[in-house]
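Participant: Residue numbers (the numbering used here), protein chains in the order written: chain A, 1 to 153; chain B, 1 to 278; chain C, 1 to 131.
Hints in this document: simulated from the structure, not taken from any laboratory.
Among the hints, erroneous ones may be present.
Pair ranges (Cβ atoms, derived) [what the hints assert, rightly or not]:
{"#": "1", "chain 1": "B", "residue 1": "N196", "chain 2": "A", "residue 2": "P30", "range": "50 to 60 angstroms"}
{"#": "2", "chain 1": "C", "residue 1": "Q89", "chain 2": "A", "residue 2": "I76", "range": "31 to 41 angstroms"}
{"#": "3", "chain 1": "B", "residue 1": "P37", "chain 2": "C", "residue 2": "D90", "range": "46 to 56 angstroms"}
{"#": "4", "chain 1": "B", "residue 1": "S183", "chain 2": "C", "residue 2": "G45", "range": "55 to 65 angstroms"}
{"#": "5", "chain 1": "C", "residue 1": "A73", "chain 2": "B", "residue 2": "G132", "range": "32 to 42 angstroms"}
{"#": "6", "chain 1": "B", "residue 1": "E129", "chain 2": "C", "residue 2": "Q89", "range": "28 to 38 angstroms"}
{"#": "7", "chain 1": "C", "residue 1": "V59", "chain 2": "A", "residue 2": "A121", "range": "24 to 34 angstroms"}
{"#": "8", "chain 1": "B", "residue 1": "P203", "chain 2": "A", "residue 2": "G52", "range": "47 to 57 angstroms"}
{"#": "9", "chain 1": "B", "residue 1": "P237", "chain 2": "C", "residue 2": "G45", "range": "56 to 66 angstroms"}
{"#": "10", "chain 1": "B", "residue 1": "D136", "chain 2": "A", "residue 2": "R118", "range": "54 to 64 angstroms"}
Reference listing, derived: stretches of chain C covered by chain B, where coverage requires no fewer than 3 residues with Cβ under 8 angstroms from a Cβ of chain B [unchecked claim]:
{"#": "11", "stretch": "31-45"}
{"#": "12", "stretch": "94-103"}
Owing to the predicted nature of the structure, the values given are computational and were not obtained by experimental measurement.
Ideal Cβ positions, reconstructed from N, Cα and C, are used throughout, including at glycine.
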Amino acid sequence: MTTYSAPDQALVHAAIEQVWGSMLFEAADPWPTGVPAEFETGLQAHIEIRGGWNGRLLLTCDSAVATQIAGALLGIGPDEPVDEPDVHDAVGEVLNVVGGSVKGAIGGSMTLGLPGVRASASPRSSEESLVVSWRGNPVHVQIVPDAELAGDS
Amino acid sequence: MSIGHDAFTFVRELVRAESAIVLEPGKEYLVESRLVPLARQSGHASVDAFVADLATRRNPSTLRLVVEALTTNETSWFRDTDPFTTLRQSVFPALAKTRSKREIRVWAAACSSGQEPYSILMTAQDTPELSGWKVDMLATDLSQEMLDRARKGEYSQLEVNRGLPATTLVRHFERAGLAWRISPALTSQVQFRELNLVRPFPPLGKFDVVFLRNVLIYFDLATKRDILRRVRQVMAPDGHLFLGAAEMTMGVDDAWERVPAGRSSVYRIREEQRTCVP
Amino acid sequence: MRALIVDDSRAMRRIVGRILVDAGFEILEAGDGQEALDVLAAHDGDLPVLACVDWNMPVMDGLTFITEVRKRAAWRAITLMMVTTESEQDRIVRALAAGAHEYLIKPFTGDALVEKLDLLGLTPTTVGDLV
Numbered sequence: 001m002t003t004y005s006a007p008d009q010a011l012v013h014a015a016i017e018q019v020w021g022s023m024l025f026e027a028a029d030p031w032p033t034g035v036p037a038e039f040e041t042g043l044q045a046h047i048e049i050r051g052g053w054n055g056r057l058l059l060t061c062d063s064a065v066a067t068q069i070a071g072a073l074l075g076i077g078p079d080e081p082v083d084e085p086d087v088h089d090a091v092g093e094v095l096n097v098v099g100g101s102v103k104g105a106i107g108g109s110m111t112l113g114l115p116g117v118r119a120s121a122s123p124r125s126s127e128e129s130l131v132v133s134w135r136g137n138p139v140h141v142q143i144v145p146d147a148e149l150a151g152d153s
Numbered sequence: 001m002s003i004g005h006d007a008f009t010f011v012r013e014l015v016r017a018e019s020a021i022v023l024e025p026g027k028e029y030l031v032e033s034r035l036v037p038l039a040r041q042s043g044h045a046s047v048d049a050f051v052a053d054l055a056t057r058r059n060p061s062t063l064r065l066v067v068e069a070l071t072t073n074e075t076s077w078f079r080d081t082d083p084f085t086t087l088r089q090s091v092f093p094a095l096a097k098t099r100s101k102r103e104i105r106v107w108a109a110a111c112s113s114g115q116e117p118y119s120i121l122m123t124a125q126d127t128p129e130l131s132g133w134k135v136d137m138l139a140t141d142l143s144q145e146m147l148d149r150a151r152k153g154e155y156s157q158l159e160v161n162r163g164l165p166a167t168t169l170v171r172h173f174e175r176a177g178l179a180w181r182i183s184p185a186l187t188s189q190v191q192f193r194e195l196n197l198v199r200p201f202p203p204l205g206k207f208d209v210v211f212l213r214n215v216l217i218y219f220d221l222a223t224k225r226d227i228l229r230r231v232r233q234v235m236a237p238d239g240h241l242f243l244g245a246a247e248m249t250m251g252v253d254d255a256w257e258r259v260p261a262g263r264s265s266v267y268r269i270r271e272e273q274r275t276c277v278p
Numbered sequence: 001m002r003a004l005i006v007d008d009s010r011a012m013r014r015i016v017g018r019i020l021v022d023a024g025f026e027i028l029e030a031g032d033g034q035e036a037l038d039v040l041a042a043h044d045g046d047l048p049v050l051a052c053v054d055w056n057m058p059v060m061d062g063l064t065f066i067t068e069v070r071k072r073a074a075w076r077a078i079t080l081m082m083v084t085t086e087s088e089q090d091r092i093v094r095a096l097a098a099g100a101h102e103y104l105i106k107p108f109t110g111d112a113l114v115e116k117l118d119l120l121g122l123t124p125t126t127v128g129d130l131v
């Protein structure tokens, strides 16, 4: 049980597909290459994995997308309002389930932190992100090993 | 936004009429979760709106899609629970008393992705009377793709959540990335083979137990009758046949008799028919 | 029949709650293990028959909660089901050893939760089966 592998984008993408397909009833297609995957004001959820591999997963998207994700998770209509705490909670929970799936798949004895959510602009650099499409809008997912956090606020 | 009463009633009646499958109260969430993708695809904001529209227009192809969404791709472990309880509590112990070779033969005749034959094997392992016995399991399906999946024995997280007790999961499966792999001790016990039930069977020998569940519903009466007659020919005279909850032999092939078992039934060849099976 | 849902995510409590309401349960909720113990203490005369318990929560995690519940004879009749994204084999074994009766891994579909209720003998007897 001590063997593990670092999470890669293919694994994280497969985990997202499973979570979106079963809990949000949406596909998670890869973002088309060559199309800018940008947005103005967004939301960033994060969750830590500790143990054999140390780092965190970040999910960043536009606020409107976050609201839609929350609506899909809660099973409410597209026009019904969702208040901000519910949006944060829902997006955090989606990443929590993705994180748990990823942690279980890489093996080893690791622990999962509690998800957190904060307001955020676009992710640092889209080249290093996995970008998936939520109803035609970009959602960035990054795998950030601890070493890369040096200097990050 | 749980599905409304009217929408649930409409869907329940539709499915009952088309498939003889009864969606009991308490299955609202199931109905809703299966229909959300269809509602989305057809541009409706909710399942209720989708069903209301369907109820007005009765578009046959959409009706068909709804029935299919609620009746097919059922790949739970220990599906319906009762048949497996019956196996463990009465069928297997009865066979254990009468089979001197300490071996029983089982046929899963529409095994799909393999949950059924593996569930039968796990049930046999949980039957004390069969301790040390050999279970010779044949699993067949029409689809080579399904057989490949079943043979591989790898199931997604979502699939192992379906009806598999946690104790059984940790006993018989191991993690394989995001998925779970069933133990080689089980996969090696099953012989998988392509077989079309509509055509004459190849030589199969005689079986003590046959699972032919939720497959007759797709055939017309004459085909059902023919399949049941040919199953009789590959059945040990005192063998046990399991059908789906919505299926029966009555009025189709009356050489079978229904034996109540728990909330469901087992079918056996009538005493007077046992000697004259060709 | 009452069910207690213990999860720090409100969204998850709502999702699980909706399925359980459909299955005929009245719902109690708690956001962590300690709050859940308090809820049980406050309902000593009319305990839930089922608790669906997340693993990772602030204040008190689900495994500790289950261990605490199993210590008390008066709460022995409560059926405990982990509902968590923790999905390693040794986690499941630990939860079962601590006294959990079932284990449902997130993500799950509504069908999966209903089937777990079937396994636990907690589905309502089919009242209106005849139409």
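Participant: Next step is simple, just say for each hint if it's right about the structure.
Facilitator: The hints, checked one at a time:
A hinted range of 50 to 60 angstroms for the beta carbons of N196(B) and P30(A) is inconsistent with their spacing of about 38 angstroms. Taking the beta carbon of each, Q89(C) and I76(A) are about 36 angstroms apart, inside 31 to 41 angstroms as hinted. With their beta carbons about 35 angstroms apart, P37(B) and D90(C) fall outside the hinted range of 46 to 56 angstroms. Checked against the hint of 55 to 65 angstroms, the C-beta distance between S183(B) and G45(C) comes to roughly 46 angstroms, which is inconsistent with it.
Judged by the Cβ atoms, the range 32 to 42 angstroms given for A73(C) and G132(B) holds: they are separated by roughly 39 angstroms. The supplied range of 28 to 38 angstroms is met by E129(B) and Q89(C), whose beta-carbon atoms lie about 29 angstroms from each other. Distance hint check for V59(C) and A121(A): the Cβ-Cβ separation is about 32 angstroms, which falls inside the suggested range of 24 to 34 angstroms. At roughly 53 angstroms, the beta-carbon separation of P203(B) and G52(A) lies within the given 47 to 57 angstroms, and the hint holds.
Between P237(B) and G45(C) the CB atoms are about 58 angstroms apart, so this pair conforms to the stated range of 56 to 66 angstroms. At roughly 60 angstroms, the beta carbons of D136(B) and R118(A) sit within the given window of 54 to 64 angstroms. With 0 residues carrying a beta carbon less than 8 angstroms from a beta carbon of chain B, the stretch 31-45 of chain C misses the three-residue requirement, and the given coverage is violated. Judged by the Cβ-Cβ criterion of 8 angstroms, the stretch 94-103 of chain C is covered by chain B as claimed, because 5 of its residues qualify and three suffice.
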